[in-house]
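Number of protein chains: 2
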Amino acid sequence: MKAHAVIKDHVNLTPVMRSTALNSIAGKTLYFKCECFQKSGAFKFRGASNAVFSLDEAQAAKGVVTHSSGNHAAALALAAKIRGIPAYVVVPNSAPKCKVDNVKRYGGHVIFSEATMKSRQETANKVLTETGAILVPSSNDARIISGQGTLSLEFLDQAPELDTLIVPISGGGLISGVVVGAKSRNPAIRVLGAEPKGADDAAQSKAYGRLITLSHTNTIADGLRASMGDITWPIVRDLVDDIITVEDTEIIEAMRYCYEIFKVVIEPSAAIGLAAVLSNNFRKNPLWNCSQNIGIVLSGGNVDLGVLWESYGLQGHNLFGDN
Amino acid sequence: MKAHAVIKDHVNLTPVMRSTALNSIAGKTLYFKCECFQKSGAFKFRGASNAVFSLDEAQAAKGVVTHSSGNHAAALALAAKIRGIPAYVVVPNSAPKCKVDNVKRYGGHVIFSEATMKSRQETANKVLTETGAILVPSSNDARIISGQGTLSLEFLDQAPELDTLIVPISGGGLISGVVVGAKSRNPAIRVLGAEPKGADDAAQSKAYGRLITLSHTNTIADGLRASMGDITWPIVRDLVDDIITVEDTEIIEAMRYCYEIFKVVIEPSAAIGLAAVLSNNFRKNPLWNCSQNIGIVLSGGNVDLGVLWESYGLQGHNLFGDN
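If you read the protein sequences in the order shown, they are chains A and B.
For the first sequence, position 116 matches number 116 in our numbering, and the numbering has no gaps at all.
For our numbering, count along the second sequence from 1 and bump the result up by 1000.
Just chain A, with the same shape it has in the complex:
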């Protein structure tokens, strides 16, 4: 896979963790790919660095643009910093300060817009025109998809016995790359998406056979609220085996298992694969439950733990200064 060659010197080969306690609870053999230890704290760095390092010199010199306030923005800023080119990030003025700080920490240029999607796109277009930089969307983009797909090649090298992968689904960039990569290596492997019941556009889209987007989402998993696009949806429709939906309470309980057993810090979105395996829906579905060696992607670790530090009497401030 070309993306693997492009980014392999830049990304961390993240470890795979296992737990006999969790295997016993799940009644399965589980493998956890720890992308919380990826650079920038999430798998998003794979796609972002593939986009940034695929550019030729002339394109690269003008920089990259995105309008996202989440993990993709921070990952793109870091990839651009490593290549030594500018990253422009359009952020709605309603975005939490910690997300803006993450972008700034990696040297990204933050440009504020109004909170509407229209204002974000207009602001991004203005930046594109003024700078000549290249737009790098967060999910619906071939460079992003193939970059995220490198995760599955690593995972299958680390655990060739996997018969199933469970992957969070939001915009569909991660699962599209993973399903293409994994099934090219092992056509018999099953790839299941996992999403919150309060943002179940992928499950609905698969059920109705057409791309459905939601006007309103309601979930604690802030990284799983986006919708698929015209590139990711056909891949999900044709290659992803099924979508599992889980309750927010199941997400938080799975998150707690990861903290208490693995001692890893993950964000709520990253817990959804374990939540899916432990859910009653999964156990009761014979098609899902026949999986035995299951790979789960712990997608990222960028979570605001302010309540924890406040409980220790620590004042809220930016650890990395105001740069």
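Because the hints were derived from the structure by calculation, they are not lab data.
From the three backbone atoms N, C-alpha and C, an ideal C-beta is built for every residue, glycine too.
Some hints could be false.
[As the list claims (entries may be wrong)] If the Cβ cut is set under 7 Å, some of the chain A residues that face chain B in the computed set are:
id, residue
1, 82
2, 239
3, 305
4, 308
5, 314
[Said to hold, decoys possible] Cross-link-like lysine-lysine pairs, in silico, BS3-like; alpha carbons within 25 Å at most:
id, chain 1, residue 1, chain 2, residue 2
6, A, 81, B, 1028
7, B, 1002, B, 1081
8, B, 1104, A, 28
9, A, 104, B, 1028
On the provided structure of chain A, position chain B as indicated by the hints.
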């Protein structure tokens, strides 16, 4: 080292993590030995498994006893479970439920005593008499010290360029093992202890040249409140280069860096090495500040994050059932 041969098939070879961001903040090159990923969630499993697996068959069959409610008790219970022998743990009836649950999770037999040290010792003696089991103290014990010392051999294999190690000091079992192991490998290496200002018995003992124990301690680092004994104190006195004391606020800030940068869950006691390196005392002391390649032991990850789960609306309960 004999202990290494005894336990190497049982312990995890824990990873060493690094961060350019933290190096830049500290002005040093830092290496973090992640014992939060050790079995039972703390380095204590090294000493406990050395004690358990060093016993001959006849001794082992009668089991092991300790009176500790912390990480040592859980580690001893797990080591005994792996060998298939009983572990009896005397726990003061004032101990937090989560600590008792940890021991039970690994199959340890919990015997409650009054909260006084006199009652704990009397209860332990009663168990010893009734069962014929072997007492395994948490720190002041040659088997424990040499087990903990295996950590330094691994660490120097993983990062031979280390010129200094900073190690939490409480009962002194860990630092005694580490200083013996590290200086046998590299006599020029410096080993510094780190302890909270509110439990600075080691710093006072080194300053006065005699073993000082405190009747009262005051620190958030619950794993660092114990005192040295007649075996650990002479090793600390003669081989440990110096003791650094830090404020609780510095411990919590260092803990937060580890969560936010490394995405690892550590307990407050485990953050003290990083807190020491980042403290003003360290920077201002020319003898300490000449260290360049500094190894820090993240000693364990057993921390009660109840406030975090409550903030997510999760009810307090034992994830592992009431077994």
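Results for each hint:
Taking 7 Å as the C-beta cut-off, the interface hint given for residue 82(A) is violated, the closest approach to chain B being about 11 Å. With a least beta-carbon distance of about 30 Å to chain B, the hint placing residue 239(A) at the interface is violated under the 7 Å criterion. Given hint, residue 305(A) at the interface with chain B, holds; its Cβ is 6 Å from that chain's nearest Cβ, closer than 7 Å. Interface restraint check: residue 308(A) against chain B, minimum CB-CB distance 5 Å, threshold 7 Å, status holds.
A least Cβ separation of about 5 Å between residue 314(A) and chain B falls short of the 7 Å threshold, and the interface hint therefore holds. With a C-alpha separation of about 22 Å, the suggested pair residue 81(A) and residue 1028(B) falls inside the 25 Å cut-off, and the hint holds. Distance check on the hinted pair: residue 1002(B) and residue 1081(B) sit about 22 Å apart at the alpha-carbon level, within 25 Å; holds. The hinted pair formed by residue 1104(B) and residue 28(A) meets the criterion: a straight-line CA distance of about 23 Å does not exceed 25 Å.
Only pairs whose Cα atoms come within 25 Å are accepted, and residue 104(A) paired with residue 1028(B) is accepted, the gap being roughly 23 Å.
In the structure shown, a violation is registered for the earlier hints numbered 1, 2, in ascending order.
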